[in-house]
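Novice: Chains as they are written, first to last, in the numbering used here: chain A, 66 to 466; chain B, 66 to 466.
These aren't lab readings, by the way, just hints derived from the structure by calculation.
Being a predicted model, the structure only gives us computed values, none of them experimental.
We put the CB at the ideal spot given by N, CA and C, even for glycine.
Please note that a few of the clues may not be correct.
In silico BS3-like links for lysine-lysine, alpha-carbon gap of 27 Å or less [what the hints assert, rightly or not]: (1) A:K269 x A:K288; (2) A:K109 x A:K192; (3) B:K294 x B:K269; (4) A:K354 x A:K296; (5) A:K109 x A:K146; (6) B:K109 x A:K296; (7) B:K269 x B:K192; (8) A:K146 x B:K354; (9) A:K354 x B:K109; (10) B:K296 x B:K354; (11) A:K153 x A:K166; (12) A:K269 x A:K354; (13) B:K288 x A:K109; (14) B:K354 x B:K294; (15) B:K100 x A:K294; (16) A:K109 x B:K354; (17) B:K146 x A:K354; (18) B:K427 x B:K146; (19) A:K294 x A:K269; (20) A:K192 x A:K146; (21) B:K192 x B:K288; (22) A:K109 x B:K296; (23) A:K294 x A:K354; (24) A:K146 x A:K354.
Away from chain A, derived, C-beta distances all over 12 Å, residues of chain B [unchecked claim]: (25) M97; (26) E350; (27) R449.
Protein chains: 2
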Amino acid sequence: MKNLVVAQSGGPTVAINATLAGIVERAITSGMIDKIYGAKHGIKGLLDDQVVEIGSRLTHPDELYRLTHTPSSALGSCRFKLGTPEEKPEQYEAIFRCLRKYDIGYVIYIGGNDSMDTVEKLSEYAKIHAPDIAVMGAPKTIDNDLCGMDHSPGFLSAAKYVATTFAELSCDCNVYDVPSVTIVEVMGRNAGWLTATSVLAREKPGDAPHLIYLPEVPFEREKFVADVKEKMQTHRAVIVAISEGIHNPDGSYVSAGFGVTQTDAFGHQALTGANRVLEHIVRTEIGCKCRAIELSLMQRCAAHLASETDLAESRILGEIALDRAIHGESGLIAVLNRVSEDPYRIAFGTVPASEVANRERKVPRDWINEAGNDVTEPMLHYLRPLMGEREVARPGHLSLI
Amino acid sequence: MKNLVVAQSGGPTVAINATLAGIVERAITSGMIDKIYGAKHGIKGLLDDQVVEIGSRLTHPDELYRLTHTPSSALGSCRFKLGTPEEKPEQYEAIFRCLRKYDIGYVIYIGGNDSMDTVEKLSEYAKIHAPDIAVMGAPKTIDNDLCGMDHSPGFLSAAKYVATTFAELSCDCNVYDVPSVTIVEVMGRNAGWLTATSVLAREKPGDAPHLIYLPEVPFEREKFVADVKEKMQTHRAVIVAISEGIHNPDGSYVSAGFGVTQTDAFGHQALTGANRVLEHIVRTEIGCKCRAIELSLMQRCAAHLASETDLAESRILGEIALDRAIHGESGLIAVLNRVSEDPYRIAFGTVPASEVANRERKVPRDWINEAGNDVTEPMLHYLRPLMGEREVARPGHLSLI
Chain A
66 MKNLVVAQSG
76 GPTVAINATL
86 AGIVERAITS
96 GMIDKIYGAK
106 HGIKGLLDDQ
116 VVEIGSRLTH
126 PDELYRLTHT
136 PSSALGSCRF
146 KLGTPEEKPE
156 QYEAIFRCLR
166 KYDIGYVIYI
176 GGNDSMDTVE
186 KLSEYAKIHA
196 PDIAVMGAPK
206 TIDNDLCGMD
216 HSPGFLSAAK
226 YVATTFAELS
236 CDCNVYDVPS
246 VTIVEVMGRN
256 AGWLTATSVL
266 AREKPGDAPH
276 LIYLPEVPFE
286 REKFVADVKE
296 KMQTHRAVIV
306 AISEGIHNPD
316 GSYVSAGFGV
326 TQTDAFGHQA
336 LTGANRVLEH
346 IVRTEIGCKC
356 RAIELSLMQR
366 CAAHLASETD
376 LAESRILGEI
386 ALDRAIHGES
396 GLIAVLNRVS
406 EDPYRIAFGT
416 VPASEVANRE
426 RKVPRDWINE
436 AGNDVTEPML
446 HYLRPLMGER
456 EVARPGHLSL
466 I
Chain B
66 MKNLVVAQSG
76 GPTVAINATL
86 AGIVERAITS
96 GMIDKIYGAK
106 HGIKGLLDDQ
116 VVEIGSRLTH
126 PDELYRLTHT
136 PSSALGSCRF
146 KLGTPEEKPE
156 QYEAIFRCLR
166 KYDIGYVIYI
176 GGNDSMDTVE
186 KLSEYAKIHA
196 PDIAVMGAPK
206 TIDNDLCGMD
216 HSPGFLSAAK
226 YVATTFAELS
236 CDCNVYDVPS
246 VTIVEVMGRN
256 AGWLTATSVL
266 AREKPGDAPH
276 LIYLPEVPFE
286 REKFVADVKE
296 KMQTHRAVIV
306 AISEGIHNPD
316 GSYVSAGFGV
326 TQTDAFGHQA
336 LTGANRVLEH
346 IVRTEIGCKC
356 RAIELSLMQR
366 CAAHLASETD
376 LAESRILGEI
386 ALDRAIHGES
396 GLIAVLNRVS
406 EDPYRIAFGT
416 VPASEVANRE
426 RKVPRDWINE
436 AGNDVTEPML
446 HYLRPLMGER
456 EVARPGHLSL
466 I
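So that you can see chain A by itself, here it is in the shape it has in the complex:
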């Protein structure tokens, strides 16, 4: 019997440990795995031989339950870009030396599109140099920007947080009798999926959010001011949803107008404060009360609002990734796809890592309205079955005035 090592990578989610729990569960049920290891901080754990035996700590269903309901990455995470075998042969030698040391037959890497690049590289290398080692991927990201699947594990829980929070903020923002604008910034560098889920806060037409700006459409300052002024004609408290990554027509981030930008290992700019730039615009050009809110880390770690659907799907994807590895596959990513619209049904399967690695699925242009300040019916058609009515914890929303 061979051993298994699991690692987690990229930004954490509420559901990423559910996937880990699924992998452990399948390892236990398979009878084909001897020891279960975890690599600390993603691929760095294999590079630096930071590997811990975790199987003996997760033998009781209670512990798997606790793991499933722990937000963030229980094994730690990293943002580390592996070179190619030609560029960085020493990285591959270190990783496979570590895998041999622990007699690993199965590597499962849980992560987003950058992490699936690691799965692709390692599995390609293994095919030639270590064909007895299977390398498989299990997806996760709150951004929902992974290709090859209907939606990403972790997205539904973040969406539940976003929709619930917009519904509650709407109650709060309407309390005073003075006109106000509230700018709420949601995570999403290049894809607006999570920001779009704010639309699920609406119970009837005219409900918040009143304007939604996604990074897929260039943000125009003058149009924004005109949009807000128009909404203020009919709403005392205008609530605006924006993605952190909205950018100007010249391609620069709106947030770049404010403070310093930093760059991570994948060359992504660490963004801050698009909401504060827009707050400044509203205060100076409209002159009304304005508040900037950032949903910050809460949107990706609010385990108390985890979607049970999300946790279940994430667990199953982990089980599938290991199951297919045991059956001799390598270089694949476990996915789920929509096989029927009405009734909504999904099916689980796999795709080659190359279909997911380094790609980003953006919101289609016609899922955003012509004016670029709201989403359209196809987006609702996509989102609604994912987030059943019971998933959004809407407040009472009883106004007496």
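Dock chain B against the given chain A, drawing on the hints supplied.
Specialist: This is chain B only, laid out in the frame that chain A set:
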């Protein structure tokens, strides 16, 4: 039979509508009230004759349930400081003309210490000019800074949000293997009660938050830097809780070092960004990864995390305020007090509005440690029975590394 008018004032909470529901419930059960009115946007509704009949909309228990679980103020709110009868006789004439128009016998005002100033002024005026009109107060504030009572309605729900969020953020912040500091700003201009509830996120010594700064102790920049450096010796991810109103030794707000300050009708400065000032300090003086988080409006409107204890207490206080008015009292505030420590028990009662109006209860100095960067055992002794274990929605918190 006389009529009743209710109004809500000050910053909204998750529980302020539970108090309104309690008042309506007692009005229904008393058999002594004819019509139930709501004044829109607090005292402004009585000044401007913006009064709506609400009793006929709240006759079904389902509607009272919905109202109880709606965050923010269903009647709208205001921040409006009433003059004295000598300064502004026209205000009193307008208000009592409005009360006469609707044949009001009972006025219940739900609000914080500023709002209780309104209760005191109106009840004093009524004693002389309209002795058949009773004016009573029901308390609310997430700040927990009201005198004359053990704790303030609205505080427990906000505390549940704060403690839960710190526990979840702790999971998220520990994910990477680089040193980091996270500064989390909690509401509280002059009193640190709500920030102190972050301590309830701790399950064992050493858990986050690692440093807690309240406005009751002057904030010293050099000491802060030394505190953070010391915690970084033992914690990779240092999490710091601060009140929005922490201030420098010279009395100026720490947030005043950043951007514009605005002033509201009560002369309170609208604060923004103490967390961003501290983020800047950490980045420049320590040079590590640092993130500033503001719990913003979410901490006062997260109805999905409402404390059921809080909702029940808030409802009962509303019932008592009206009940005592029906029995001939005026100028009182409904309160709850701790009558036994072990077992923890509370009793409901009333105090004169003057004991609550315009006063602020701050955290006692010895409930904060000597160094001014944490709370002490008396604070835990006070908080623990308010927030039973079941109230804090702690995540699984299972770390495998």
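Novice: Determine for every hint whether it applies to the structure shown.
Specialist: Now the hints, each set against the structure:
Restraint check for K269 of chain A and K288 of chain A: satisfied, since their Cα atoms lie roughly 25 Å apart, inside the 27 Å limit. Distance restraint check for K109 of chain A and K192 of chain A: the Cα-Cα separation of roughly 21 Å lies within the 27 Å cut-off, and the hinted pair is therefore satisfied. Annotation: proposed proximity of K294 of chain B to K269 of chain B holds, straight-line Cα distance about 21 Å (limit 27 Å). With a CA separation close to 15 Å, the supplied pair K354 of chain A and K296 of chain A stays within the 27 Å bound.
Restraint check for K109 of chain A and K146 of chain A: satisfied, since their Cα atoms lie roughly 10 Å apart, inside the 27 Å limit. The straight-line distance between the Cα atoms of K109 of chain B and K296 of chain A is roughly 25 Å, inside the 27 Å bound, and the hint therefore holds. With a CA separation close to 55 Å, the supplied pair K269 of chain B and K192 of chain B exceeds the 27 Å bound. The suggested pairing of K146 of chain A with K354 of chain B holds, with an alpha-carbon distance near 19 Å, which does not exceed 27 Å.
With a C-alpha separation of about 19 Å, the suggested pair K354 of chain A and K109 of chain B falls inside the 27 Å cut-off, and the hint holds. Between K296 of chain B and K354 of chain B the CA atoms are separated by roughly 15 Å; this keeps the pair inside 27 Å, and the hint holds. With a C-alpha separation of about 21 Å, the suggested pairing of K153 of chain A with K166 of chain A holds against the 27 Å cut-off. Straight-line distance between C-alpha atoms of K269 of chain A and K354 of chain A comes to about 25 Å, which keeps the hinted pair within the 27 Å bound.
Distance hint between K288 of chain B and K109 of chain A is unfulfilled; the C-alpha atoms sit about 35 Å from each other, more than 27 Å. For a cut-off of 27 Å, the pair hint linking K354 of chain B to K294 of chain B stands: about 13 Å separates their Cα positions. The straight-line distance between the Cα atoms of K100 of chain B and K294 of chain A is roughly 39 Å, outside the 27 Å bound, and the hint therefore fails. Taken as a hint, the K109 of chain A and K354 of chain B pair is honoured in the structure, with Cα atoms around 19 Å apart against an allowance of 27 Å.
Distance check on the hinted pair: K146 of chain B and K354 of chain A sit about 19 Å apart at the alpha-carbon level, within 27 Å; holds. A C-alpha spacing of about 22 Å is found between K427 of chain B and K146 of chain B, which places the hinted pair at or below 27 Å, so the restraint holds. Between the alpha carbons of K294 of chain A and K269 of chain A the distance comes to roughly 21 Å, so the proposed pair stays at or under 27 Å and holds. For the given pair, K192 of chain A sits about 20 Å from K146 of chain A by alpha-carbon distance, which is consistent with the 27 Å threshold.
Under the criterion of a C-alpha separation no larger than 27 Å, the hint pairing K192 of chain B with K288 of chain B is inconsistent with the structure, at around 53 Å. A distance of roughly 25 Å separates the Cα atoms of K109 of chain A and K296 of chain B; the hinted pair therefore holds under the 27 Å criterion. With a C-alpha separation of about 13 Å, the suggested pair K294 of chain A and K354 of chain A falls inside the 27 Å cut-off, and the hint holds. A threshold of 27 Å between alpha carbons decides the hint, and for K146 of chain A with K354 of chain A the separation of about 44 Å lies outside it, so the pair is violated.
Taking the minimum C-beta to C-beta distance to chain A, about 22 Å, the non-interface status of M97 of chain B holds against the 12 Å cut. The beta carbon of E350 of chain B sits about 16 Å from the closest Cβ of chain A, which is more than 12 Å, so the claim that it is off the interface holds. Residue placement check: R449 of chain B keeps its beta carbon more than 12 Å from all beta carbons of chain A (closest about 20 Å).
Violated hints for the displayed structure, listed by number in ascending order: 7, 13, 15, 21, 24.
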